[in-house]
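Here are the chains, one letter per residue:
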Amino acid sequence: MFSKPKDALYTSISRRKFLELGGGAATALGTGSLAVGMNSVMMRTPVQAASSQEAKMKQYAGSKLVFMSENTPPSFAIRDKIKDFYDATGITVEILTDDLPVVLQKVGIDVKGGKADFPVIYAQDKPIGAALADYLADFGKFIKDDTLPQDPEGYGADVWFDNFLDACGSMYEKGKIVALPYDAAVACTFYRQDLFEKYTKDFEKDYKYRMEFTAKTTWKNVLDYATFFKKLKQAGQDVPYGYAQHLGTFAWTTQLDIQRLMYSHGQWLDFNIDDVLGSKKPGPTNWGDATSVEMMKQFKAMADVSHPDNLANGTLELNTVYQSGQIAMQVQYHEFAASVEDEKTSKAAGGKTAYAPCPLGEASWIKNGGKAVNGTNCGIGGIAINKNASEDIQRAAFIFATHAVSKKVQYSVLTGLGGTPTRKSVLAEPDVVAARKRPSKMPNALTFESVYDFGIKAPNFVLGPKIPEVNEYHKILAAELTKCVAGKQSPEDACKAIKKQTDNVNDI
Amino acid sequence: MVSTGSGNAVSTAHDGERYVEGARVIEHMPASLNAVPPSRYYLWLMAPALIVLAAISIYPFFWLIWMSLQNVGAGPEVEFVGLKNFIKLWSDDKFWMGWILLFKYSFFCMFFEITIGVFLAVVLNGHRFENILITIFLMPMMMAPAIAGLVWYYLFNSTFGWYHWLFQSLGILGETSIIGSTETAMAGIVMVDIWQWTPLITLITLAGMKRVPRDQLEANMVDGASAIRNFIAITLPNIYPFLLIAIMLRFMDNFRFIDVIMRLTGGGPAEVTKVLPVYLFDVSFVYFKLGRGSAIALTLLIVTIIFGKLLVKVFESPASKRIDQGN
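These protein sequence lines are chains Z and R, in that order.
Under the working numbering, think of the first position of the first sequence as 1, with each following residue one higher.
Under the working numbering, think of the first position of the second sequence as 1, with each following residue one higher.
Hint data in this document are derived by calculation from the structure and do not stem from the laboratory.
It cannot be assumed that every hint is accurate.
Derived coverage of chain Z by chain R (criterion: at least 3 residues anywhere in the stretch with Cβ under 8 angstroms from a Cβ of chain R; other residues may be distant) [as the list claims (entries may be wrong)]:
hint : segment
1    : 107-113
2    : 237-249
3    : 306-312
4    : 320-330
5    : 462-475
6    : 478-489
These numbers were taken from a predicted model, which means no experiment stands behind them.
No residue lacks a Cβ here, since even glycine has one placed at the ideal position from N, Cα and C.
Chain Z with its partners taken away, still in its complex shape (with noise of 0.2 angstroms):
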């Protein structure tokens, strides 16, 4: 099969020989792989403002670029289909997904070490867009460049749903954009329906009321609610918890749940800053105040009607309890949605979940004056580029990050994975207006509604806080705050707690 030649340097390999050439091999290969691997590569053709469309495209062709994000469904849904971008501009991605904690980890030592070793990144709104708003390039000088392709929509604020662009994108400078609206996970109300319809007339006669979801129902009629089904359960009916938090191992998603009750009672702030920019010098925080002592009594008392295991339950797990059936309500990301409509694994889905907008601020819990909206928070994953890159990749990362925020790959998000769309268009599909109504093709749209008709809308919607210390804060707030849902310390104690704690890392 093989000839061997006259003169041949071995006639026969040695195993000493062999092992030899193969770990040289492996060295060399090891080596060129990890030079290649872990690092964006660059290759540019020069183009300019007149060239065609598909020459601006492919100016990059050859390159490598890295994308660290979150292992959600636009992440997933775009690993799917990169070929379609590869084809296009001929740059390779490489995307990696993980636990938003863990790309806050990765990013963070990447970028703070000066590193560019992601050059695109997940910026969540507040845990890693506020932290780290100093090493996320401006898109702005982007967007101007007419050596860059654009997209036909545009990138302003109107293209986005409300307040989108305001939540991810703008940290601490006007008029600087640091990142593009990517995915969204916002609040709304998740009940069971059927349950709501068989124990109404239950309900009204001991609370004179009906009990039902509405855009009017408050936070003290979820209390009675959940009070309602704790009755049931203890006198032995085989009825879900009516509640739970997002309490767990997740700071901020904790701080979310919190800040949700707070805002609706008179739009209570953490700081006294500016909602949408934020603040790198906030200044005392306001807890300890009347309206934070009496929310988080009111926390406290949702908290002793809620599940059992409510300490151990994060977002996650909350959503997990719910679709086990062994809750009634849940305030939860409307994201999840896709998932509780799945009858392979949800004991809440075909038809028996409503979705509503999170509650109303009850007036008579009110202690500053304000007056009482739906508040709704959320989180605003953003796509970012970082600024340590060299300029190349950074115009690169920029052509990577509008194909990932345009209407086609947003649309195929949303049908294909059940992801949330940013922008506004994809909405007016017939097939996305359609699904918005049951049996739907798309569950994440039966929230469309409570979401982006309502929830989102001023007054309701809360951004902040945006503070460089933002993860710190969190972590505070959630320590304090589950002492006091355990019952080791009063809510004067526990706001008293947060205020020395974050006037402390903020310097006051």
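The hints should help you fit chain R onto chain Z, whose structure is shown.
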């Protein structure tokens, strides 16, 4: 061949060897008389190892000290602050609570692991199925701590966890999971550590038990000692040095490994499992306050070294040496 005056025929062949009356004589220089190489020679021999060690250990250590003297915040600015990070630790309640919880966690882990580990070693020693059983017992140790944490997270889960169901069925727990209650969360993480690391104690103790002299055991039994008396008087003193090694290893592990805690509780609920290394992780990689984090890490390192030294001191005590020499 060369003729000598005395008539003895001496011939030379190679260096260092000669023939005397037909017999080959090889002259040797005793090794102890070899020329001592200059110290530079040893330095060159050690250089590769020193370079690697410096790159992976010494440089980061000095970098850690340098970082602990800086203020590294959310922005790119770095500022020299001297000992301010250390001074601030004195008034940091979470830092002190972290130490208390770390000692509590380490104490419970080691107490149960040593008690159960030694008991298992005694039972397994000389058992007809010793090899099979020890292999089975070692399995948890083979698992990566992060995976162990994930497995137990699912086992403890109140919605679908098998262990939760078991505890609930036995009336030990109510509807609240073991990691969801401030009263039981510490027990939950200790339980996982016991499950995973007791086999190490068993293995080390078992190795020690193989060295216990049978003649002493038999002599003691002839003198009428019970099995318990035999264990206390003969076995325990003989396995003592082995136990100290096991304690030292586990002690240092407890101060380092937070994979299970991070996966199971993340330091919660209500910070009842926030041992110091978890707090250190938060400060360094969630808040990115690397200066403060370095100061905490340095204190952790120093205390670990001091405790390690104390254990080595005990290990080298005259009592333990006597036992060792006796064998």
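Verification of the hints:
no.: 1; hint: 107-113; in the structure: holds (count 3)
no.: 2; hint: 237-249; in the structure: holds (count 3)
no.: 3; hint: 306-312; in the structure: holds (count 6)
no.: 4; hint: 320-330; in the structure: holds (count 4)
no.: 5; hint: 462-475; in the structure: holds (count 5)
no.: 6; hint: 478-489; in the structure: holds (count 7)
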